[in-house]
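With the sequences and hints as input, model every part of the structure.
So the protein sequences, as listed, match chains A and B. 822 is the number of the first residue of the first sequence in my numbering; add one for each residue after it. 822 is the number of the first residue of the second sequence in my numbering; add one for each residue after it.
Just to be clear, a hint being listed does not mean it is correct.
For identical chains, the list gives no copy identity; a pair is met inside one copy or between any two copies.
To be verified - Straight-line distance between alpha carbons at most 30 Å, and here's what the computed DSS-like set of lysine-lysine pairs gives:
| hint | residue 1 | residue 2 |
| --- | --- | --- |
| 1 | Lys1030 | Lys1020 |
| 2 | Lys943 | Lys863 |
| 3 | Lys1045 | Lys1031 |
| 4 | Lys1031 | Lys827 |
| 5 | Lys1030 | Lys827 |
Calculated directly from the structure, the hints in this document are not laboratory data. Since this is a predicted model, take the numbers as computed values, not measurements.
Protein chains: 2
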Amino acid sequence: MNEQQKYIIGLVIYPDMFHLDITGPHQVFSQIPNAEVLLLWKSLEPVVSSGGLTILPNTTFADCPQLDVLCVPGGGFGTVEMMQDEQMLTFLQLQAQTAKYITAVCTGSLILGAAGLLQGYKATSHWAFREQLQLMGAQVITERVVSDRNRITGGGVTAGIDFALQVVAILCGEDTAKFIELLLEYNPAPPFGVGSPEKASTELVQTMKKMAAPLIEASHAASKKAASKFPSS
Amino acid sequence: MNEQQKYIIGLVIYPDMFHLDITGPHQVFSQIPNAEVLLLWKSLEPVVSSGGLTILPNTTFADCPQLDVLCVPGGGFGTVEMMQDEQMLTFLQLQAQTAKYITAVCTGSLILGAAGLLQGYKATSHWAFREQLQLMGAQVITERVVSDRNRITGGGVTAGIDFALQVVAILCGEDTAKFIELLLEYNPAPPFGVGSPEKASTELVQTMKKMAAPLIEASHAASKKAASKFPSS
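This is how it looks when you write it as structure tokens:
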């Protein structure tokens, strides 16, 4: 690894996000030697996640330097709101012009998509939402972490850890990524082995889709609305 | 699952903690129907984790109701400090008298140990620290999640997710735990497969132990000091 290289990594946060989408990557990225990890929001006011965990941003969009890595988490209805939030979309578009890597975890990719940043790219998202990326011009890939040129996206929530380790390998080399994997004792043992729709029972998948239906529908509508505004359509 | 049952789950936080030790479990626990998840500290002032992520507590030790589940995370030198912090140890001992489950993730188990709460129990911790639990009367088990009566402990950092899903299964039944495992898309794919000392190269393990030596030594000294104060010794 190149210990002299300094990286500025920006993790966007917003109300009603799934915090593990971003706390997983934060724990990984903050182990990079010489990395500066920013938690970005419109203001410095505390941000309340969907589960109630409240995180303090440390940098506003207005004060954000040019990032090497830009990362957006997913969440609940707050994510749908962000898909239509001009201040958020403009910030992402501005940073994306010269950021080395433009990334998302979980339904954060829907926000990138709504900003027009996944048109023509392979990408993924949370399993219950990933098909919606097609509406915004992305090619959906059902892998846990998907890289296409400088776009890197992860699947639902816990995929952020796998995602972040892969980003570290790209940025700093495999030795650094392996060090962090061992440091965080990332030797997972899912107790039930039902963490993907392919592994879970049809009944469980259907129950979850039914419970999530209002959010899936709202997100679908926001995806269509966003795509209708793209210059190319 | 019993949707009527209400659970009060208390996650202790403190400066220099490894936040993923507690944000992983928080994301899992906050999905339990009718769970109240408290973030506990001495005051309501923001708590800065070892990686810089700043979390707001929502309940003070003084105002904490009797918990069903008490959980303590690990971290850096802040953990060693907490192993010797009378206010922390007294709080844990008081809650442990009637909490249904007394738990820890990563080196949080060293704090439980220092409070005398693991004497005679099987337990685990982060791989580089777990042998120290013996000094405080615990029997060290090298599994990712270890249960012994009402003590439940997880291995290093990312083990908190496996740990929390197992706790949910105990509290609410397997159906709820499976639902959360699928919701969080917990179908992990560690990129390098070196997340335990048994899987990593000897060189990598030695490099990490050398880098962590000052912390390992400080923690070892605190473990011995704590054990010397136990009534039984």
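Verification of the supplied hints:
In this homomeric assembly, Lys1030 and Lys1020 come within 30 Å of each other (Cα to Cα) only inside a single copy, at 15 Å, whereas the closest approach across copies is 37 Å. Taking identical chains as interchangeable, the C-alpha atoms of Lys943 and Lys863 lie at most 30 Å apart only when both belong to the same chain, with a minimum of 29 Å there against 47 Å between chains. With identical chains, the CA atoms of Lys1045 and Lys1031 are at most 30 Å apart within one copy only, with a shortest distance of 21 Å there and 54 Å across copies. Taking identical chains as interchangeable, the C-alpha atoms of Lys1031 and Lys827 lie at most 30 Å apart only when they sit on different chains, with a minimum of 24 Å there against 45 Å within one chain.
Taking the shortest alpha-carbon separations for Lys1030 and Lys827, only the inter-copy value of 25 Å comes in at or below 30 Å, while the best intra-copy value is 42 Å.
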